[in-house]
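A.B. asks: Protein chains in written order, with the working numbering: chain A, 1 to 307; chain B, 1 to 270.
Source of the hints: derived by calculation from the structure; they are not laboratory data.
Glycine included, C-beta positions come from ideal geometry on N, C-alpha and C.
Please note: incorrect hints may appear among the correct ones.
Partial pick of chain B residues on the chain A-facing surface, computed with a CB cut under 10 Å [unchecked claim]: (1) F22; (2) R70; (3) Q79; (4) I95; (5) G208; (6) I251; (7) L260.
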Amino acid sequence: MKKSTILILLSIVLLPFIVRPAIASEIWIFAIFGLGLNLLLGYTGLLSFGQSTFFGSAAYVAGWLLKHYAINVFFALGIGVGVGALSALLVGYLCVQRSGLYFIMLTFALNQLFYFSAYQWTSVTGGEDGMPGVPRPEFLGVDFKNPLNYYAFVSLVFLFFLYLMKRIVESPLGKILVAIRENEVRAGAVGYNVPRFKLLAFVIGGAFSGAAGVLYAMLFGIVPLESISFVTSGNVVFATLIGGSGSLYGPIIGSFVFIWLSESVSTLWARWPLLLGLAFVMVVMFFRGGVVEAWHRLVLKVNAFRN
Amino acid sequence: MLYALMGLGLSLITGILNIPNFAHGALFAVGAYLLVSTVNLFGNFWVGLVLAPVGVALLGLLIEYVGIRRLYKAGHDYQLLFTFGLSLILAEGIIIIWGPVGISHLPPAILRGGVDLGFTFYPKYRLFVMVLAGLLVLATWLFLEKTRYGAIMRAGIENKEMVSLLGIDIHWLFTIAFALGAYLAGIAGALTAPIRGLSPGMGVDMLGIAFVVVALGGLGNLLGAIAAGLLIGVAQALVAAYWTEASTAVIYAVMALVLLVRPQGLFGIR
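Model the full structure from these sequences, guided by the hints.
C.D. replies: Laid out in structure tokens, this is it:
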């Protein structure tokens, strides 16, 4: 086994001993979310500022089905993936026709459309109060109400999605997406249908976000309105960037840093988004390139010092 | 008309600086809160209306000079993160300074009540806002079209390298453009305060609308921003009359529809 695989398996086993299982689960859930965004941001060069659209939509739909029908967790997960992909198809179809700043603004504006729909449709979504009472039904005798059991489930799902993403970025499709990032015009000239590949990346990213959304809803038993707000979209961008976009494992590191950061500052002060905002600004000013690059720079410095 | 002001300011910033300014809504909110504070301080609405946007413009000057100036080469992802972080800081700063509860603010005594327009009865203050916003849009347009500085700014939208090759300090141009955009957001906020009241979240709602206006009007296309602002405003008002709950969502729906038919926006060329 490779070093990175061992490291991830080791952290999956050790994490619940260090932090509460709920937070440990949240880290892996957010990592799935980040993996999806990273395919867009890191590999295809598309900065989507509307990922919570798919995260939230999937959480609402699957959460509602879980509440009202006796569906099992795997089915709910499948629904989440489907809803995430479908909503990404709708949003993506409009967005991929534009690039650069327009693309960013469109993903954000359509995010707002979904947000306000959820905000107003109180009979289903609960509006500002969120949609509480999302159950974690047992499956084949495994009781998912037990936090550790649910953690194991989340970890397995995460490993599956990590494997899937690894296969995607190493496949010809992944190479085409990188080609689009590096030179869109040339990729088109070579004969690839650039908008269609962008859309495909968008849909895959949406499916990952959807899976994360459902896991999140089942973890906390509620779909908060915030899960579909632009703040969540911004958070996942932050997590991916701080981990280092463009590397497969960047978003995982970013998820660790982000959840740890937000969990520790949110208990400090009610106005913790202020600190989070400061952290964003500081990272941009001083740590561009994220943890992965900072680590590389540190290693270089240590080596230079040794010599 | 207020949407046009917001869109115009954002269009200037995004068009010239080529950055996604997610702090634009927060600047709008700061403008509204500054109005309330200055009015309370000086006891005069007009002093507040003059001072508040200037305060926002100064804030914009500071933001550009300290932060954004260093990010022009950094890529949109980091620029976005910076302005998004900034908007969080400003929104939370508003809560810390002015409190989380919404504030309502009355228009000045002279503009309370309504006027009879013959066919309908219209609140005086709204009429005032419409006229003033219209004048501001006109003034901005005249500034950009008819003055030397305006010409430099438009040239900056078209081709930054060429402008700096001609011996014009491009950094100075960027700072002024950001401050001007901030000023327009600030005065839009100040004018909105007596109509809709104030809440810390008011900036985010407006931010989305401003982006829609720019997406429809075209980046750096100032006439487009004005026209799109009017279109969105009218569409929202019409829907609000029949189906109040959907009036916010309809803005985005209109945008989606327009972009389906015309992906380049109403007036976009790029």
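A.B. asks: Compare the structure with each hint and give your call.
C.D. replies: We went through each hint and held it up to the structure:
1. F22: 8 Å, holds
2. R70: Holds - the Cβ of B/R70 comes within 10 Å of chain A, reaching about 7 Å at its closest.
3. Q79: 8 Å, holds
4. I95: 6 Å, holds
5. G208: 4 Å, holds
6. I251: At 8 Å from the nearest chain A Cβ, B/I251 passes the 10 Å test, so the hint holds.
7. L260: Holds, because the Cβ-Cβ distance from B/L260 to chain A comes to roughly 7 Å (cut-off 10 Å).
Checked against the numbered hints given earlier, the structure satisfies every one of them.
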